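Undergrad: One-letter residues, chain by chain:
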Amino acid sequence: MTMLNEGRPTSPQPVKDAHMSPATATGNRALMLEEALIFEIGSTETTGVDFAPAPKVASRLGNLARTDAIGLPGLSEPETVRHYTRLSRQNYAIDLGLFPLGSCTMKHNPRLNEKVARMPGFADLHPLAPQSTVQGALGVINELAVWLIKLTGMHGVAMTPKAGAHGELCGLLCIRAALEARGDARQVVLVPESAHGTNPATAAFCGYKVEDIPATPEGRVDLAALKARLGPDVAAVMITNPNTCGLFERDMKTISDAVHAAGAFVYCDGANFNAIVGRVRPGDLGVDAMHINLHKTFSTPHGGGGPGSGPVVLSEALSPFGPLPYTARMADGTIHLIEEENVGEEMPQSFGRMSAFHGQMGMFTRALAYILSHGADGLRQVAEDAVLNANYILRSLDDVLDAPFGGSGPCMHEALFSDKGLADGFTTLDIAKGLIDEGFHPMTMYFPLVVHGAMLVEPTETESKAALDQFIMALRSLAERAKAGDEALKGAPYHAPRRRLDETLAARKPILTWTDLALAQAAE
Amino acid sequence: MRYLPLTDTDRQDMLSVIGATSIDDLFVDVPAEARLSDKIAGLPDHASELAVERHMAALARQNLSAGEAPFFLGAGAYKHHVPASVDHLIQRGEFLTAYTPYQPEIAQGTLQVLFEFQTQVARLLGCDVANASMYDGSTACWEAIVMARRITKRGKAVLSSGLHPHYVSVANTMAKFTGDALAHEAPTLEAATDIDALIAGIDKDTSCVVVQYPDILGRIADLTPLADAAHAVGALLVAVVTEPVALGAIKAPGHMGADIVVGEGQSIGVGLQFGGPYLGLFACKQKYVRQMPGRLCGETVDAAGKRGFVLTLSTREQHIRREKATSNICTNSGLCALAFSIHMTLLGERGLRELANLNHGLAVQAADRLAKVPGVTLVNDSFFNEFTLILSKDARDVVRTLADKGVLAGVSLGRLFPTAPQIGNGLVVAVTETVTAEDIEALAQALEEELA
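If you read the sequences in order, they're chains S and C.
Note that the first sequence covers residues 0 to 523 in numbering that gives the first Met the number 0.
Note that the second sequence covers residues 0 to 451 in numbering that gives the first Met the number 0.
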């Protein structure tokens, strides 16, 4: 194995500043280890896998054998384990502490769920296996579907969407299909300012014209403005409830009634369902479609960016239009997978398929295990503790941080603060980076857009009072420093694997893949 | 309630800090008629870890898993051996329980993995750049069609008859709402692919030609003439790879002129999982990078001059551009990308080539053996690890009957193409390194019995 010292530096330059001295020869600092890229430490001749010899046969690759070098470095097994273990230590994660990303929701990931998802009877099943051989897997989908329908008070559920935004797409496709079925070509989707930022993109992707509805000074949908805009051209209203200001949309039922009276549908972004599960059924509020981010409400791990899973619950009016495939329990107790082959007469109005197979089975098993662990009583407690924790943070900090909607009623699952009142030149970003040095993942920054310098904190129900108190102490101290104009805060973080990263440079001169500079120069 | 740390004393203390007398005070904004006064009827209460595990295990036992039977299913999802260290490493809490790397200073682990992943994928597919992954191959395929429309400002896509029918279904679903015109027909049971027909179908309104490689019947064709024909009229070539292990043995689509190459990455590191979560691969030529959907990780430096990584070019994404975003994709399959990248690192180029050769060799042996069964004809001249047999009766029935006998024989074309009865006797058979000589013999004998 060779080190490609002519390429990018394989060890970082020793840094001499107040917080990094004395420098070390390797760039390592005790347990804070630097790790080169696999392209710098691996070689195309090294492998960490042993195979049986291939049978000696005449190749039938149609004269297309790949003869060029691919450029994929390998590592032996111990080197591989060490590389990824070292990299893992450069990550903050919920297993390390509070992860208060508002509207993203990171809660404890129980390991029972991982164990269950890895049972061979679930993990080692082919999506096109004969239905007689996968009755238990179809049973998981069906059982989870029943829970989701009952918890939301809805009529049906589409299980296949692969993430929250994919679920939004599914809901709008159902709405569009339902409107087309009655010969109604409506073109406009209304999106309140207090809704999730992904909603307008979804509506536009489905071919709709998007119009904003303003928020009230209280941080809720402006009911008068919404009612004034409703008309025969409006297909749907997309509402996030609880909304992105952390507030419950009090007028939800009135809004739904008005939308239905105008012949349109109500889409609810259910990303924040964790705040109301077991206490409020969206179906009772007149919602027609709502996606549920399984990783948020039912705790499936997010793995540094996914996978997600976004089942969509549907009202009776929309249920016939949901996607293929879906499961149906027959009178004899067997569960059928309904897809193109056997869709028959019972669901000719389905809008079609939105991904190759049945959705995120691996997330379904985890979510079902989580739901069964909590039960009906526990899920209700989940919402209560999530809301209690958020309000505790809001009230414990509203004397040092501006809480723009602190007077608008209790917050739900998340507490919203702003940068108002910090010393000149100090921003939300400084508070966030300061939190890193205090050992916490920062809150969501600069979202929602309706608040200047927003800081959105969502503690979730799996945090203890002691953890919350420590977080409150850290945020209080940072707020006081930012108000006092402590310049050192602008340099944070000091104690992370990296100092502030230059995001502008990355966007202006994108380097998206590794190239061996020495080889590239030699080729010129 | 083992996952809930608050005690009743905590709750009372916290309510008094808030200035509320009871938890109900915090739900006052919910309209009274929608406030549930008690837990929802008809649902069970919480259960112990042991009870939940028993319940789930009982459901798992009702399935015949791939490892329990001679197994030959492919058609977009493949059973490969995944080294134990892959699953061990992705279960490290710092990977498993991390969120999207929005704070790069404390997410360098995930970000460096994504940068390495992007490089591995670009090289494997033969492209300049790759993104940090999509939901799965089918959604990546649709996003490629949309991207081609953005680049060419044309709205007609020509889809190969060899493209996975579920990928076609996804595109058809979306095209209904975006107004794209899609041309596609079911395949015929012939050894030759439809390259000539595709070339004939390209015109000045065509945004892209979408071709699967190897195709749904397992056939492999040189894509160069197709790329040339597309480029001659200003259209793009989109290549779809559902079995990336193949690219350890056969030429990369990007090296045959494909402008966008998408794929299903499940084969490497991810496992079958009954259809998901899977891993969409997405790569393209450098000049199209700002039109590429999905997340991207880029290299940069920190305030002290050290190399580091961040998510970048996010101005294309929906949370910034709202209704002007390039796509609806809002996440990636981060953990699956990690699994892919670890498995690929363990393989390295040498291991990938050995794995590909082993797959191909076993598939050749299986094809020769099965073609000897009376009532069976092999369609393919060329293939990697998957090929199509024509049986003397409807393959759907054969698959069901053999499943009852404990042999998972393959995927019937009748299930994949229910509206094309003329190919209903086709059976797609996949052979990977997990298939033994005994498995091949078991399938051959079961077919002999069934077709006698």
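Derived from the structure by calculation, the hints contain no laboratory data.
Take the hints with a grain of salt, since some may be wrong.
Computed Cβ-Cβ distance ranges for the label pairs, DEER-style [claimed, not checked]: (1) S:333 / C:231: 35 to 45 Å; (2) S:342 / C:204: 48 to 58 Å; (3) S:208 / C:53: 29 to 39 Å; (4) C:57 / S:331: 13 to 23 Å; (5) S:501 / C:90: 52 to 62 Å.
Simulated crosslink set (DMTMM-like; lysine to aspartate or glutamate; CA at most 25 Å straight-line) [what the hints assert, rightly or not]: (6) C:175 / S:39; (7) S:464 / C:12; (8) C:305 / S:39; (9) C:284 / C:179; (10) C:392 / S:340; (11) S:464 / C:24; (12) S:252 / C:28.
Which stretches of chain S does chain C cover? Using the computed rule of at least three CB atoms under 8 Å from a CB of chain C, they are [what the hints assert, rightly or not]: (13) 386-392; (14) 413-423.
Since this is a predicted model, take the numbers as computed values, not measurements.
We put the beta carbon where it would ideally sit given N, CA and C, even for glycine.
Undergrad: All the hints need checking, so say for each whether the structure fits it.
TA: Status of each hint after checking the structure:
A C-beta distance of roughly 54 Å is found between residue 333 (chain S) and residue 231 (chain C), which places it outside the suggested range of 35 to 45 Å. In this structure, residue 342 (chain S) and residue 204 (chain C) break the distance hint of 48 to 58 Å, their C-beta atoms being roughly 32 Å apart. Distance hint for residue 208 (chain S) and residue 53 (chain C): a CB-CB separation of about 53 Å, inconsistent with the stated range 29 to 39 Å. Our hint of 13 to 23 Å for residue 57 (chain C) and residue 331 (chain S) holds, since their Cβ atoms are close to 19 Å apart.
Remark: the range hint 52 to 62 Å for residue 501 (chain S) to residue 90 (chain C) is contradicted by a beta-carbon distance near 33 Å. For the hint pairing residue 175 (chain C) with residue 39 (chain S), the CA-to-CA distance comes to about 47 Å; that exceeds 25 Å, so the pair is violated. Taking the CA atoms of residue 464 (chain S) and residue 12 (chain C), the gap is near 10 Å; set against the 25 Å cutoff, the hint holds. Only pairs whose Cα atoms come within 25 Å are accepted, and residue 305 (chain C) paired with residue 39 (chain S) is accepted, the gap being roughly 16 Å.
For a cut-off of 25 Å, the pair hint linking residue 284 (chain C) to residue 179 (chain C) stands: about 23 Å separates their Cα positions. The hinted pair formed by residue 392 (chain C) and residue 340 (chain S) meets the criterion: a straight-line CA distance of about 18 Å does not exceed 25 Å. With a C-alpha separation of about 20 Å, the suggested pair residue 464 (chain S) and residue 24 (chain C) falls inside the 25 Å cut-off, and the hint holds. Proximity of residue 252 (chain S) to residue 28 (chain C) is assessed by CA-CA distance (about 12 Å); at most 25 Å being required, the pair is judged to hold.
For the region 386-392 of chain S, the stated coverage by chain C is satisfied: 5 residues place a CB nearer than 8 Å to a CB of that chain, which reaches the threshold of 3. Three residues within the 8 Å Cβ limit are the bar, and the region 413-423 of chain S against chain C gives 0, so the coverage statement is violated.
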